[in-house]
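**Student:** Sequence:
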Amino acid sequence: MSASYLPRTLETSITAANQQFPVLMLSGPRQVGKTTLLKTQSEKSPNNTPRSYVTLDNPMLLALARDEPALFLQRFAPPVLIDEIQYAPGLFPLVKEAVDAQGGKGLVWLTGSQPFHLMKNIGESLAGRVAVMQLQGLSMGERLGLGAQVKPFLPGGPLSANVLPKEAASPLAWMFDCIWRGAFPAMQGVSAPDRDLYYSSYLQTYLQRDVRDLAQVGDLTLFTRFVRSAAARTAQLLNMADMARDVGVAPNTARHWLSILEASGLVWLMAPYHSNLSKRLVKAPKLYFLDTGLAAYLTEWSSPATLEAGAMAGAIFETWVVAEILKSYWHCGKQAPLYHYRDKDQKEIDVLIVRDGTLYPIEIKKTAQPGRDAVRNFGVITKLGLTIGPGAVICLCPERLPITAHVQAVPAWQVA
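Those letters in the sequence shown? Residues 0 to 415, by numbering that gives the first Met the number 0.
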(Lines of atoms letter the chains of each structure in order from A and count residues from 1; the text may use other names and numbers.)
(Lines give C-alpha, C1' and ligand atoms only; values in the text may rest on other atoms or scores of the structure.)
Protein backbone atom coordinates (compact mmCIF):
# COMPACT_ATOMS: atom_id res chain seq x y z
CA MET A 1 0.00 0.00 0.00
CA SER A 2 1.29 3.45 -0.91
CA ALA A 3 2.37 5.59 2.03
CA SER A 4 0.26 8.41 0.59
CA TYR A 5 -2.88 6.29 0.30
CA LEU A 6 -5.86 7.75 2.17
CA PRO A 7 -8.33 5.13 3.46
CA ARG A 8 -11.66 5.33 1.62
CA THR A 9 -15.05 5.02 3.29
CA LEU A 10 -16.20 2.59 0.60
CA GLU A 11 -13.69 -0.06 1.76
CA THR A 12 -16.15 -1.52 4.29
CA SER A 13 -18.93 -1.83 1.72
CA ILE A 14 -16.55 -3.43 -0.81
CA THR A 15 -15.50 -6.03 1.76
CA ALA A 16 -19.14 -6.87 2.50
CA ALA A 17 -20.13 -7.01 -1.18
CA ASN A 18 -17.15 -9.20 -2.00
CA GLN A 19 -18.53 -11.82 0.39
CA GLN A 20 -22.01 -11.73 -1.17
CA PHE A 21 -21.57 -11.30 -4.94
CA PRO A 22 -19.33 -12.93 -7.57
CA VAL A 23 -18.92 -9.62 -9.44
CA LEU A 24 -18.21 -6.10 -8.15
CA MET A 25 -18.65 -3.06 -10.40
CA LEU A 26 -17.11 0.24 -9.26
CA SER A 27 -18.07 3.24 -11.38
CA GLY A 28 -17.15 6.90 -11.22
CA PRO A 29 -15.25 9.63 -13.07
CA ARG A 30 -11.67 9.20 -14.19
CA GLN A 31 -8.90 9.66 -11.62
CA VAL A 32 -11.02 9.50 -8.47
CA GLY A 33 -9.06 6.47 -7.22
CA LYS A 34 -11.13 3.46 -8.30
CA THR A 35 -8.18 1.30 -9.33
CA THR A 36 -6.05 2.32 -6.34
CA LEU A 37 -8.91 1.48 -3.99
CA LEU A 38 -9.53 -1.96 -5.49
CA LYS A 39 -5.84 -2.82 -5.70
CA THR A 40 -5.46 -1.87 -2.04
CA GLN A 41 -8.45 -4.01 -1.11
CA SER A 42 -7.01 -6.91 -3.08
CA GLU A 43 -3.74 -6.66 -1.12
CA LYS A 44 -5.75 -6.80 2.11
CA SER A 45 -7.58 -9.99 1.09
CA PRO A 46 -7.71 -12.30 4.13
CA ASN A 47 -6.86 -15.44 2.15
CA ASN A 48 -4.10 -13.72 0.12
CA THR A 49 -5.58 -15.02 -3.13
CA PRO A 50 -3.63 -13.35 -5.96
CA ARG A 51 -5.84 -11.27 -8.25
CA SER A 52 -4.59 -10.47 -11.74
CA TYR A 53 -4.98 -6.95 -13.04
CA VAL A 54 -5.65 -5.81 -16.59
CA THR A 55 -6.52 -2.39 -17.99
CA LEU A 56 -8.40 -1.90 -21.23
CA ASP A 57 -6.61 1.43 -21.65
CA ASN A 58 -3.89 -0.82 -23.14
CA PRO A 59 -4.63 -0.95 -26.90
CA MET A 60 -3.36 -4.51 -27.38
CA LEU A 61 -5.37 -5.89 -24.48
CA LEU A 62 -8.42 -3.92 -25.60
CA ALA A 63 -8.16 -5.46 -29.07
CA LEU A 64 -8.00 -8.92 -27.52
CA ALA A 65 -10.99 -8.21 -25.28
CA ARG A 66 -13.07 -6.94 -28.20
CA ASP A 67 -12.03 -9.47 -30.85
CA GLU A 68 -11.55 -12.60 -28.73
CA PRO A 69 -13.42 -12.09 -25.44
CA ALA A 70 -13.39 -15.82 -24.58
CA LEU A 71 -9.63 -15.99 -25.10
CA PHE A 72 -9.22 -12.81 -23.07
CA LEU A 73 -10.96 -14.35 -20.04
CA GLN A 74 -8.91 -17.52 -20.41
CA ARG A 75 -5.76 -15.40 -20.30
CA PHE A 76 -7.05 -13.33 -17.36
CA ALA A 77 -9.08 -15.87 -15.45
CA PRO A 78 -10.84 -15.02 -12.16
CA PRO A 79 -10.02 -13.72 -9.66
CA VAL A 80 -9.31 -10.65 -11.79
CA LEU A 81 -9.63 -6.87 -11.76
CA ILE A 82 -10.57 -5.46 -15.18
CA ASP A 83 -10.10 -1.71 -15.51
CA GLU A 84 -12.15 0.49 -17.89
CA ILE A 85 -14.63 -2.24 -18.80
CA GLN A 86 -16.77 0.23 -20.79
CA TYR A 87 -14.43 -0.18 -23.76
CA ALA A 88 -15.34 -3.87 -24.17
CA PRO A 89 -19.02 -4.42 -23.27
CA GLY A 90 -18.89 -7.73 -25.12
CA LEU A 91 -17.09 -9.18 -22.10
CA PHE A 92 -20.19 -9.08 -19.90
CA PRO A 93 -21.83 -12.34 -21.16
CA LEU A 94 -18.49 -14.12 -20.88
CA VAL A 95 -18.02 -12.84 -17.32
CA LYS A 96 -21.45 -14.27 -16.48
CA GLU A 97 -20.48 -17.66 -17.89
CA ALA A 98 -17.15 -17.63 -16.07
CA VAL A 99 -18.55 -16.82 -12.62
CA ASP A 100 -21.44 -19.25 -13.04
CA ALA A 101 -19.05 -22.03 -14.01
CA GLN A 102 -16.53 -21.34 -11.27
CA GLY A 103 -18.90 -20.49 -8.42
CA GLY A 104 -17.77 -18.53 -5.40
CA LYS A 105 -17.76 -14.86 -4.45
CA GLY A 106 -15.54 -11.91 -5.31
CA LEU A 107 -14.32 -13.43 -8.56
CA VAL A 108 -14.42 -10.48 -10.94
CA TRP A 109 -13.92 -6.81 -10.08
CA LEU A 110 -14.71 -4.23 -12.74
CA THR A 111 -14.20 -0.48 -12.99
CA GLY A 112 -15.79 1.92 -15.44
CA SER A 113 -14.98 5.60 -15.78
CA GLN A 114 -17.69 6.62 -18.22
CA PRO A 115 -20.52 4.08 -17.95
CA PHE A 116 -22.72 5.37 -20.78
CA HIS A 117 -23.85 1.87 -21.73
CA LEU A 118 -22.61 -0.16 -18.78
CA MET A 119 -25.78 -0.34 -16.72
CA LYS A 120 -27.80 -1.76 -19.63
CA ASN A 121 -25.19 -4.48 -20.19
CA ILE A 122 -24.94 -5.19 -16.47
CA GLY A 123 -28.71 -5.47 -16.16
CA GLU A 124 -28.95 -7.87 -19.08
CA SER A 125 -25.92 -10.05 -18.35
CA LEU A 126 -25.15 -9.90 -14.65
CA ALA A 127 -28.49 -9.36 -12.91
CA GLY A 128 -28.33 -10.80 -9.40
CA ARG A 129 -24.60 -11.44 -9.68
CA VAL A 130 -23.13 -7.95 -9.39
CA ALA A 131 -22.82 -5.32 -6.67
CA VAL A 132 -22.71 -1.85 -8.21
CA MET A 133 -21.05 0.99 -6.28
CA GLN A 134 -20.13 4.61 -7.01
CA LEU A 135 -16.91 6.40 -6.14
CA GLN A 136 -16.32 10.13 -6.31
CA GLY A 137 -13.31 12.18 -5.31
CA LEU A 138 -12.13 12.32 -1.72
CA SER A 139 -14.62 13.45 0.87
CA MET A 140 -13.41 15.83 3.56
CA GLY A 141 -13.42 12.99 6.08
CA GLU A 142 -11.19 10.95 3.76
CA ARG A 143 -8.85 13.90 3.18
CA LEU A 144 -8.45 14.24 6.95
CA GLY A 145 -7.66 10.53 7.31
CA LEU A 146 -11.05 9.76 8.88
CA GLY A 147 -12.56 7.80 6.00
CA ALA A 148 -13.46 4.79 8.14
CA GLN A 149 -15.53 7.02 10.46
CA VAL A 150 -17.77 8.62 7.81
CA LYS A 151 -21.47 7.79 8.07
CA PRO A 152 -24.42 8.87 5.90
CA PHE A 153 -25.12 12.44 6.96
CA LEU A 154 -28.24 13.32 8.90
CA PRO A 155 -28.91 16.51 10.87
CA GLY A 156 -28.97 16.18 14.63
CA GLY A 157 -26.51 14.35 16.79
CA PRO A 158 -24.32 15.63 19.62
CA LEU A 159 -22.69 19.02 19.61
CA SER A 160 -19.02 18.56 18.82
CA ALA A 161 -15.78 20.47 19.01
CA ASN A 162 -13.81 21.96 16.16
CA VAL A 163 -12.14 19.32 13.93
CA LEU A 164 -10.25 21.73 11.69
CA PRO A 165 -6.68 20.64 10.94
CA LYS A 166 -3.92 22.72 12.46
CA GLU A 167 -2.94 24.26 9.13
CA ALA A 168 -6.40 25.82 8.77
CA ALA A 169 -5.56 29.08 10.53
CA SER A 170 -8.33 30.82 8.56
CA PRO A 171 -11.36 28.52 8.13
CA LEU A 172 -12.75 30.57 5.23
CA ALA A 173 -9.45 30.63 3.30
CA TRP A 174 -8.79 26.94 4.00
CA MET A 175 -12.31 25.96 2.97
CA PHE A 176 -12.13 27.78 -0.36
CA ASP A 177 -8.66 26.43 -1.04
CA CYS A 178 -10.17 22.93 -0.72
CA ILE A 179 -13.10 23.92 -2.94
CA TRP A 180 -10.85 25.53 -5.57
CA ARG A 181 -8.46 22.56 -5.73
CA GLY A 182 -11.25 19.98 -5.90
CA ALA A 183 -11.48 16.43 -4.61
CA PHE A 184 -9.36 14.42 -7.05
CA PRO A 185 -6.71 12.49 -5.06
CA ALA A 186 -3.91 13.80 -7.28
CA MET A 187 -4.72 17.38 -6.25
CA GLN A 188 -4.17 16.78 -2.53
CA GLY A 189 -1.00 17.50 -0.56
CA VAL A 190 2.11 19.55 -1.10
CA SER A 191 3.20 17.49 -4.13
CA ALA A 192 0.00 18.20 -6.07
CA PRO A 193 0.54 19.16 -9.73
CA ASP A 194 -0.13 22.60 -11.15
CA ARG A 195 -3.89 23.04 -10.88
CA ASP A 196 -4.51 24.54 -14.33
CA LEU A 197 -2.30 21.99 -16.08
CA TYR A 198 -3.98 19.12 -14.24
CA TYR A 199 -7.54 20.14 -15.12
CA SER A 200 -6.61 21.05 -18.69
CA SER A 201 -5.16 17.58 -19.17
CA TYR A 202 -8.11 15.98 -17.41
CA LEU A 203 -10.60 17.75 -19.65
CA GLN A 204 -8.65 16.82 -22.78
CA THR A 205 -8.55 13.14 -21.76
CA TYR A 206 -12.26 13.17 -20.96
CA LEU A 207 -13.15 14.74 -24.31
CA GLN A 208 -10.91 12.59 -26.47
CA ARG A 209 -11.11 9.16 -24.81
CA ASP A 210 -14.63 9.13 -23.46
CA VAL A 211 -16.84 11.68 -25.17
CA ARG A 212 -15.54 11.25 -28.71
CA ASP A 213 -14.93 7.48 -28.55
CA LEU A 214 -17.87 6.35 -26.42
CA ALA A 215 -20.55 9.02 -26.73
CA GLN A 216 -19.79 9.85 -30.36
CA VAL A 217 -20.01 13.61 -29.94
CA GLY A 218 -18.83 15.16 -33.19
CA ASP A 219 -18.22 18.82 -32.31
CA LEU A 220 -15.95 18.83 -29.26
CA THR A 221 -15.69 22.63 -29.28
CA LEU A 222 -19.44 23.02 -28.81
CA PHE A 223 -19.48 20.21 -26.25
CA THR A 224 -16.71 21.93 -24.25
CA ARG A 225 -18.76 25.12 -24.29
CA PHE A 226 -21.70 23.11 -22.99
CA VAL A 227 -19.57 21.69 -20.14
CA ARG A 228 -18.55 25.23 -19.20
CA SER A 229 -22.17 26.31 -19.27
CA ALA A 230 -23.08 23.46 -16.91
CA ALA A 231 -20.28 24.45 -14.52
CA ALA A 232 -21.45 28.07 -14.54
CA ARG A 233 -25.01 26.96 -13.66
CA THR A 234 -24.12 24.73 -10.74
CA ALA A 235 -26.59 24.89 -7.81
CA GLN A 236 -29.25 26.40 -10.08
CA LEU A 237 -32.58 25.06 -11.32
CA LEU A 238 -32.05 23.25 -14.60
CA ASN A 239 -33.24 25.17 -17.65
CA MET A 240 -32.44 23.14 -20.76
CA ALA A 241 -33.82 25.75 -23.17
CA ASP A 242 -31.50 28.43 -21.78
CA MET A 243 -28.46 26.12 -21.85
CA ALA A 244 -29.17 25.07 -25.44
CA ARG A 245 -29.59 28.68 -26.51
CA ASP A 246 -26.38 29.80 -24.77
CA VAL A 247 -24.35 27.08 -26.45
CA GLY A 248 -26.11 27.30 -29.82
CA VAL A 249 -27.44 23.75 -30.11
CA ALA A 250 -30.87 22.18 -30.34
CA PRO A 251 -32.62 21.36 -27.03
CA ASN A 252 -32.51 17.64 -27.80
CA THR A 253 -28.76 17.85 -28.32
CA ALA A 254 -28.34 19.72 -25.04
CA ARG A 255 -30.45 17.10 -23.28
CA HIS A 256 -28.31 14.29 -24.74
CA TRP A 257 -25.09 16.04 -23.74
CA LEU A 258 -26.35 16.59 -20.21
CA SER A 259 -27.10 12.86 -19.97
CA ILE A 260 -23.45 12.22 -20.93
CA LEU A 261 -22.20 14.46 -18.12
CA GLU A 262 -24.60 12.82 -15.69
CA ALA A 263 -23.70 9.27 -16.71
CA SER A 264 -20.00 10.03 -16.45
CA GLY A 265 -20.34 11.23 -12.87
CA LEU A 266 -19.42 14.86 -13.52
CA VAL A 267 -22.85 16.33 -12.78
CA TRP A 268 -25.78 15.28 -10.62
CA LEU A 269 -29.41 16.35 -10.83
CA MET A 270 -31.21 16.81 -7.51
CA ALA A 271 -34.89 16.01 -8.01
CA PRO A 272 -37.59 18.18 -6.43
CA TYR A 273 -39.44 16.67 -3.51
CA HIS A 274 -43.08 16.06 -4.25
CA SER A 275 -45.94 14.03 -2.80
CA ASN A 276 -49.59 13.44 -3.56
CA LEU A 277 -50.46 15.87 -0.79
CA SER A 278 -48.92 18.84 -2.58
CA LYS A 279 -49.13 19.75 -6.25
CA ARG A 280 -47.59 23.21 -5.98
CA LEU A 281 -43.95 22.21 -6.29
CA VAL A 282 -41.73 23.33 -9.12
CA LYS A 283 -40.69 20.19 -10.98
CA ALA A 284 -37.32 21.24 -12.40
CA PRO A 285 -34.29 19.52 -10.84
CA LYS A 286 -31.25 21.42 -9.59
CA LEU A 287 -27.96 20.94 -11.40
CA TYR A 288 -24.77 20.28 -9.43
CA PHE A 289 -21.27 19.99 -10.91
CA LEU A 290 -19.81 17.39 -8.58
CA ASP A 291 -16.14 18.39 -8.47
CA THR A 292 -15.78 22.03 -7.48
CA GLY A 293 -12.15 22.17 -8.58
CA LEU A 294 -13.07 21.25 -12.14
CA ALA A 295 -16.05 23.65 -11.99
CA ALA A 296 -13.80 26.51 -10.79
CA TYR A 297 -11.32 25.76 -13.57
CA LEU A 298 -14.04 25.71 -16.23
CA THR A 299 -15.46 29.01 -14.99
CA GLU A 300 -11.97 30.55 -14.90
CA TRP A 301 -11.44 31.43 -11.25
CA SER A 302 -7.69 31.82 -10.98
CA SER A 303 -7.27 31.50 -7.20
CA PRO A 304 -9.17 30.49 -4.06
CA ALA A 305 -9.35 34.16 -3.00
CA THR A 306 -10.95 35.34 -6.25
CA LEU A 307 -13.40 32.44 -6.12
CA GLU A 308 -14.39 33.23 -2.53
CA ALA A 309 -14.94 36.90 -3.34
CA GLY A 310 -16.63 36.29 -6.68
CA ALA A 311 -20.19 36.03 -7.91
CA MET A 312 -20.16 32.21 -7.78
CA ALA A 313 -18.99 31.91 -4.15
CA GLY A 314 -22.38 31.01 -2.68
CA ALA A 315 -23.32 28.61 -5.47
CA ILE A 316 -20.01 26.79 -5.47
CA PHE A 317 -20.01 26.51 -1.67
CA GLU A 318 -23.50 24.96 -1.88
CA THR A 319 -22.22 22.64 -4.62
CA TRP A 320 -19.32 21.49 -2.45
CA VAL A 321 -21.61 20.78 0.51
CA VAL A 322 -24.12 18.84 -1.60
CA ALA A 323 -21.27 16.78 -3.08
CA GLU A 324 -20.03 16.02 0.45
CA ILE A 325 -23.48 14.85 1.53
CA LEU A 326 -23.73 12.67 -1.58
CA LYS A 327 -20.34 11.10 -0.85
CA SER A 328 -21.37 10.35 2.72
CA TYR A 329 -24.07 8.08 1.25
CA TRP A 330 -22.44 6.77 -1.93
CA HIS A 331 -19.16 5.95 -0.19
CA CYS A 332 -21.13 3.93 2.37
CA GLY A 333 -22.66 1.93 -0.47
CA LYS A 334 -26.09 3.57 -0.15
CA GLN A 335 -28.42 5.57 -2.36
CA ALA A 336 -28.61 9.27 -1.49
CA PRO A 337 -32.22 10.28 -0.64
CA LEU A 338 -31.67 14.00 -1.32
CA TYR A 339 -34.26 16.39 -2.79
CA HIS A 340 -34.77 20.11 -3.05
CA TYR A 341 -37.96 21.98 -2.18
CA ARG A 342 -39.36 24.99 -3.97
CA ASP A 343 -43.03 25.93 -4.28
CA LYS A 344 -44.82 28.52 -6.37
CA ASP A 345 -44.74 30.94 -3.44
CA GLN A 346 -40.93 30.94 -3.85
CA LYS A 347 -40.43 29.16 -0.52
CA GLU A 348 -37.23 27.16 -0.88
CA ILE A 349 -35.22 24.67 1.14
CA ASP A 350 -31.82 23.73 -0.26
CA VAL A 351 -31.90 20.03 0.67
CA LEU A 352 -34.44 17.62 2.07
CA ILE A 353 -33.12 14.25 3.24
CA VAL A 354 -35.95 11.72 3.27
CA ARG A 355 -35.35 8.62 5.40
CA ASP A 356 -37.90 6.22 6.86
CA GLY A 357 -40.81 8.61 6.32
CA THR A 358 -39.01 11.52 8.02
CA LEU A 359 -37.98 14.81 6.40
CA TYR A 360 -34.70 16.42 7.48
CA PRO A 361 -34.44 20.03 6.17
CA ILE A 362 -31.05 21.57 5.38
CA GLU A 363 -29.99 25.06 4.39
CA ILE A 364 -26.50 25.85 3.10
CA LYS A 365 -25.10 29.29 3.88
CA LYS A 366 -21.68 30.84 3.26
CA THR A 367 -21.57 32.46 6.68
CA ALA A 368 -20.00 31.76 10.06
CA GLN A 369 -22.95 33.06 12.08
CA PRO A 370 -26.29 31.86 10.72
CA GLY A 371 -29.36 33.30 12.41
CA ARG A 372 -32.97 32.21 12.76
CA ASP A 373 -33.81 33.82 9.41
CA ALA A 374 -31.79 31.03 7.75
CA VAL A 375 -34.44 28.49 8.75
CA ARG A 376 -37.55 30.60 8.19
CA ASN A 377 -38.82 28.29 5.41
CA PHE A 378 -38.49 25.04 7.37
CA GLY A 379 -42.05 25.38 8.64
CA VAL A 380 -43.59 25.08 5.15
CA ILE A 381 -42.88 21.36 4.93
CA THR A 382 -45.25 20.59 7.81
CA LYS A 383 -48.05 20.59 5.22
CA LEU A 384 -46.47 17.61 3.46
CA GLY A 385 -47.86 15.29 6.10
CA LEU A 386 -44.62 13.54 7.09
CA THR A 387 -42.65 13.52 10.31
CA ILE A 388 -40.18 16.41 10.51
CA GLY A 389 -36.80 15.49 11.90
CA PRO A 390 -33.97 17.72 13.12
CA GLY A 391 -32.74 20.39 10.71
CA ALA A 392 -29.35 21.87 9.94
CA VAL A 393 -27.72 24.98 8.53
CA ILE A 394 -24.44 23.85 7.01
CA CYS A 395 -22.07 26.79 7.09
CA LEU A 396 -18.62 28.04 8.10
CA CYS A 397 -19.17 28.09 11.87
CA PRO A 398 -16.28 26.62 13.91
CA GLU A 399 -18.37 23.98 15.73
CA ARG A 400 -21.90 22.61 15.99
CA LEU A 401 -24.14 25.13 17.69
CA PRO A 402 -27.91 25.26 18.31
CA ILE A 403 -29.95 27.76 16.29
CA THR A 404 -33.34 26.63 17.55
CA ALA A 405 -34.47 23.69 19.66
CA HIS A 406 -34.54 21.49 16.54
CA VAL A 407 -31.95 23.05 14.21
CA GLN A 408 -28.17 23.09 14.48
CA ALA A 409 -25.49 25.07 12.71
CA VAL A 410 -23.08 22.45 11.34
CA PRO A 411 -19.52 23.15 10.11
CA ALA A 412 -19.22 22.24 6.43
CA TRP A 413 -16.10 20.13 7.04
CA GLN A 414 -18.02 17.84 9.41
CA VAL A 415 -20.51 16.62 6.77
CA ALA A 416 -18.43 13.77 5.34
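Everything labelled a hint here was simulated from the structure, so no lab data went into it. Just so you know, not all the hints are guaranteed correct.
Stated by the list, open to error - Cross-link-like lysine-lysine pairs, in silico, PhoX-like; alpha carbons within 25 Å at most:
#: 1; residue 1: K282; residue 2: K43
#: 2; residue 1: K150; residue 2: K365
#: 3; residue 1: K343; residue 2: K282
#: 4; residue 1: K382; residue 2: K333
#: 5; residue 1: K382; residue 2: K343
#: 6; residue 1: K346; residue 2: K282
#: 7; residue 1: K150; residue 2: K333
#: 8; residue 1: K333; residue 2: K38
#: 9; residue 1: K333; residue 2: K346
#: 10; residue 1: K150; residue 2: K95
#: 11; residue 1: K95; residue 2: K38
Unchecked claim - Computed spacing ranges between beta-carbons, pair by pair:
#: 12; residue 1: K104; residue 2: D241; range: 46 to 54 Å
#: 13; residue 1: G384; residue 2: H405; range: 15 to 23 Å
#: 14; residue 1: A312; residue 2: H273; range: 51 to 59 Å
#: 15; residue 1: T54; residue 2: A240; range: 53 to 61 Å
#: 16; residue 1: Q203; residue 2: Q148; range: 35 to 43 Å
#: 17; residue 1: D99; residue 2: Q215; range: 29 to 37 Å
#: 18; residue 1: T305; residue 2: T204; range: 39 to 47 Å
#: 19; residue 1: D66; residue 2: A312; range: 45 to 53 Å
#: 20; residue 1: A308; residue 2: P49; range: 47 to 55 Å
#: 21; residue 1: P250; residue 2: P49; range: 16 to 24 Å
#: 22; residue 1: Q215; residue 2: P250; range: 18 to 26 Å
Note that CB positions come from ideal geometry on N, CA and C, so glycine has one too.
**Student:** In ascending order, which of the hints set out earlier in this document are inconsistent with the structure?
**Tutor:** Numbers 1, 4, 9, 10, 14, 15, 18 and 21 - these are the hints that the structure violates, sorted from lowest upward.
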